[in-house]
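Engineer: The primary structure of each chain is shown beneath.
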Amino acid sequence: MTEVFMDGRFVGETKNAESLVEKLRELRRSNKIPDQVNFSYLTHQDTMFINTNGGRARRPLIIVENGTPKLTSKHMEDIEKGVKKWSDLIREGVIEYLDAEEEENAYVALRPADITKEHTHLELDPTVILGISTSLIPFPEFNRGDRVNFGSKMVGQSIGLFLLNFLRRVDTKSNIMVYPQAPIVKTHMHDIINTEDHPGGQNLIIGIMSYKGFNMEDGVIINKASIERGLFWSYLFRTYETEEKRYMGGQEDVIGIPEPGVRGYGGEDVYKHLSEDGIADPETEVTSEQIIIGKTSPLRFLGSLDQFITGLENVRETSIKLRHGENGIVDRVFLTESNDGNKLIKLVIRDLKRPELGDKVASRHGQKGVIGLIVPQEDMPFTKDGIIPDLLFNPLGIPSRMTMGKLLEIIAAKMASLEGKSIISPPFHSIPESELREKLKSFGFSDDGRENLYVGETGTKFQERIFIGSVFYQKLDHLVSNKIHARSRGPTTLLTKQPTEGKAKRGGLRLGEMEKDALIAHGSSLLLKERLDSDRAKLFVCKTCGLFSVEDRAKNKVYCAVCGDSKATPVEISYAFKLLLDELKSMLIYPKIVVKEE
Amino acid sequence: MSQKSQKEYETILPEEMIREIDRVSKLKKFDEKKREKLTKEVQKVYLNSAFEPGEAVGIIAAQSISEPATQMTMRTYHFAGSAGMQITLGLPRLIEVFDARKEPTTPTMTIYLKKEFNDQKNSEKIAKKIKEKRLKGFVESVSLDLTNKVVKIKLKPEYEKKFEKITEILKLKFKKYKMMRRHSVIDVSVEDDIEIKELQRIKKKVLESIISGIPKITNTVVFNEGKDWVIRTLGSNFEKLVKIEEIDFYRSYTNNIHEVAETLGIEAARSVLLSELNSILEQQGLEVDKRHLTLIVDIMTFEGAIEAVGRYGVAGSKASILTRAGFEETVKHLVRASVRNEADNFNGLFENIMVNQQIPVGTGMFDLIVRMEDE
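Residue numbers (my numbering), protein chains in the order written: chain A, 2 to 599; chain B, 9 to 383.
Wrong hints could be hidden among the right ones.
[Unchecked claim] Chain A is faced by these chain B residues, among others (derived, beta-carbon under 10 angstroms):
no., residue
1, Gly62
2, Ala64
3, Leu207
4, Leu342
5, Leu357
6, Gln366
7, Ile367
8, Met373
In case anyone wonders, no lab produced these hints; they're calculated from the structure. Just so it is clear, CB atoms sit at the ideal spot from N, CA and C, and this is done for glycine as well.
Just need the whole structure built from these sequences, with the hints factored in.
Structural biologist: And the structure:
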C-alpha cells in the first residue's frame, strides 16, 4: 500500500499509485482538475504526493506523448495569427506546469531532436537552462562553460544605469555610468529586461594585439581620447545620513555649526563648508574627512549632578565627516522627518570616476582585465579608414581560455555597426558564423575580421593583419580610487594597542603568519622585531614577585602593587604579551617574570 | 699528498666523497698534485653548499614543502585504472605520512621474489597463496537452527576437495565450539545454553575467520617489471610476509611505516619514510630538495619511534610552554605548566616573537664578546 499525502497531510492509501497518478494527470490535462495541482509518485520512498498549496516554484513544459510533442506547427501558426493564446495551450493540455516534486517523475528533453519514446516532456526552448545574467551573453554556446559562468558573474558587477530615478533616490552607495549604451549584439533577454533603458556598458572598438607589453597578463590599453570623449565615465553617489535625536531629560542633538568650546571642537577651518544651518550647500567641493553636516550631542553617561550643568562643557561634537579617502561634490540634500518626528538629513555626495590605471573592465565572456596603460590617440594604431581602437586586448588571453564567443561577438558587432542596426542573437539560436562572414564581406571588409593596421607613432604598416571590430565592454565596480589605501602612523585599537584593520579605519596591512615565517627564513631577526613592535610597551617588572610594577609618572616613582617593593627592572615587550599575562592572572595562573641581569 | 693534509681533508669530507675522488683520480690518471687540487676544489664546493650557522633550516624546510603542497590541492592527479588498484596519492597521502597514521588509508606492499621463483607461474601462485581468504568466500548458504542452537554452514560444492581441510582449520581456530561436518554442511554449536543473539555473533565470527593467506591482504595483482615479476598487494602485513620463503626480503617494500619500524627498526622506517615522501612528491611532478625531506624525516624518527609532525608529535614536544600553548590545546599546556611550576627559558623562536624580543636565528643568534685579557 502506498501512502498518499495531500499538501503534506496524510489522506489515505492506494494500491496502485502509479496508475492513479497517471489517471489524475490525465484528468488535469483534460481540464477536469485545476491545472495548478501537481501529482507525483516517488518510487524510492513509495509515497504519493498531491500538491495544491501556494508558494511552489513551477515551470511550464511541453507535454510529450509516445515520442511526439503535443505542440505542433499548427499551434504555432494559430498563436502567430492571434487565434490562440498561451492559456489556450494550457487548457488544451499541450503545456503544463510542473513543480519540483512532479519534476521527479518527468523525463525532459532539451531539444525536439533529443526526444525518445521514454520522454514525457520537452523544454520550451534550450535557453531556459540559462539564468537572467547568463542570457545576456551572446554566443555563450561557443564559450567554455566556466567562462560563461565568470561572464554572468561580472555582468552583475557592471556599472550602468540601473534605475532611471537615481536622482531622487538616497541609496547608501550607487554607481551610475555617464554615457551608457545598449549593446550592439543583443540576446532575446535584452529586450525582455528592457536594456535600452538600463544599459550596463559601452560598445568599444577593440583591437586584439599587444602594445609595448602593457596589456600582458590581462591588462588592457585604453585610448586617451576615448576617455576624453566620455568612455567609461561614471558617478559614485554616496549618501550620508544623520538625525537630530531627542534624549531623556529633554536634551537633544543640535544640527548647526558647533561653537568653539564644545568638546572635540575641530577648529574654524574644519567647518568652512557648512552654511548657517550647519549643512554643506549643494555643489560644494569637499575632500576626505571634511565635515559636511555639523552636529553636537549631549554628553553620554551623565552623573547625577552633571545634568544640571549647562553650557558648552556639556556638549560634544558629533559632526558627519566625509569618509576617509573619499572626495566629491555635494550633489543634493534631503531634509525630512524620521519616524519619531526627529529632523532627518540625507546628504548625497557625487564623485566623478574617470577610468584610470588599475580600474577593472570586462567583456561579457568572462574576459576581465585591468587598465594597464592609457595611450594618447596619436600613438594608437589605426586602420586605413582612420578607425582607432578604444581598447587593445592581448591575444594571449584567447587560446587558453577558448572564448570563441567573444571573437564571434566582435565580428557580429562589426557587421552590425556597418549595417547600421543592432542584431539579436539568442543563445542556441545564434547567427551562424558563415552569415556573419558573408555580410562582413559584402561591406568590403575581410571576412575574418582582420585589417591592416598602421603604427601610431611612425605610420608604418604592421606586418600582420590585426583582428579588429566592436565589442560590448563593462566597467566593473572595482575601482582603484575606492580601494587605494596606505598608512604610516595612525589609530590603534584600545584593547591591544595594535594598529586598526581596514581602509575605513585607516588601518594597517597585517604582517601575517607566513610573512613572519619569510623573515625568519631570511634570518633577519632584527627586521622582524622592528616590524612586529607596533604595540611595544615599556613596563617595569618587580624584582621580588616578578609581576608588573606600577609606574607613577607624576611622582616619578615605581612601586609594586603586590609586594610593595620598589625595586623594578624596565623591560620592553609587546603589549599583547602583557595582556596575555593579565589574562593568566585572572585565571589564577601566576606568570612570574625573571629578568636576566645584564 | 702529504700524510697530514690527507687526514685534514678526511675530517671534513665524508668517506664516500674521498672514495669518489680516488676513483676519478685513478680514472683520469691524476698525479699527487692534481689530486690534491681536486680535493681542495671539492672541499670548497662541499663547504659552500653547507648551511651557515644560524640558518632557519626548519622553517625553510617547512616552506619548501608547503609551497608545492598548495599546488597539489589545486591539481590532484588520479591514475584511474592503472595496475587495477586505487592507491591514495597526492596531498591526502602526504598529510597521512606527516601525521604518521598507524594505518594508511590504502596500505600496499610491493613484493619481489627470489631468483628461483622469479617467473610468471610462481609469482601468480604466490600471489594467490598470500591473499587472505575468509570462510564466507567458500560458503553457499548459512542457516540457523534455533531449537538446537546450531549454525549450519553449507559450503560451495566446487570446493569439495577442501572440505576436510577447511573443517580442520576451523577446529583449530575455534576450540571452544563444536564442529561437525556432514558432507558439505558444517554444524557449529556450543555446549552451553546460549541466547540467539550470541548465536548470531558466532555466525559472524566464524564466517569472517581467515582460512588461508596472510591476514589483511585483501587483493593481489601480479605484473611484469622488466626482468622481475612483481606482486602488488592491497593491505599490508610486513611481519607475516617476511616469513614467506620465496620472497626477496631485501627488495620488498611496504608503505606502512609503522610496520617497518616494528619489524626492521627505526633506521629502516626512516628510509621508508624518506622514500615515501620522495615518491609522493615525484608522482605529482614536484621538486623538493632532498635535504628538506631528510631533516623532517630525521626529526620524525629522532626519538626512536615514529613521531607525527602535529600536536601529539614534534610540535607537541617542543621545550617552550608558550610555543606549545600558542600552537594547539592552549589551556592544557598552560594549566599543566602552572600546576608543575614549569619555567619557560625563552630560548626558542616563537616565544621570543610573542614577547617581541630578538629571535635566536640568523643575525639574532650571535653575541659580541670582548676578550678583555688580549689588549
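Engineer: Decide, hint by hint, whether the structure agrees.
Structural biologist: To see whether the hints hold, each was checked on the structure:
1. Gly62: At about 6 angstroms, which falls below the 10 angstroms cut-off, the nearest Cβ of chain A leaves the hint on glycine 62/B intact, so it holds.
2. Ala64: holds (5 angstroms)
3. Leu207: violated (33 angstroms)
4. Leu342: holds (6 angstroms)
5. Leu357: Interface hint status for leucine 357/B: holds (6 angstroms vs cutoff 10 angstroms).
6. Gln366: This interface hint holds because 5 angstroms falls under the 10 angstroms limit.
7. Ile367: Nearest chain A Cβ about 5 angstroms off; hint holds.
8. Met373: At 8 angstroms from the nearest chain A Cβ, methionine 373/B passes the 10 angstroms test, so the hint holds.
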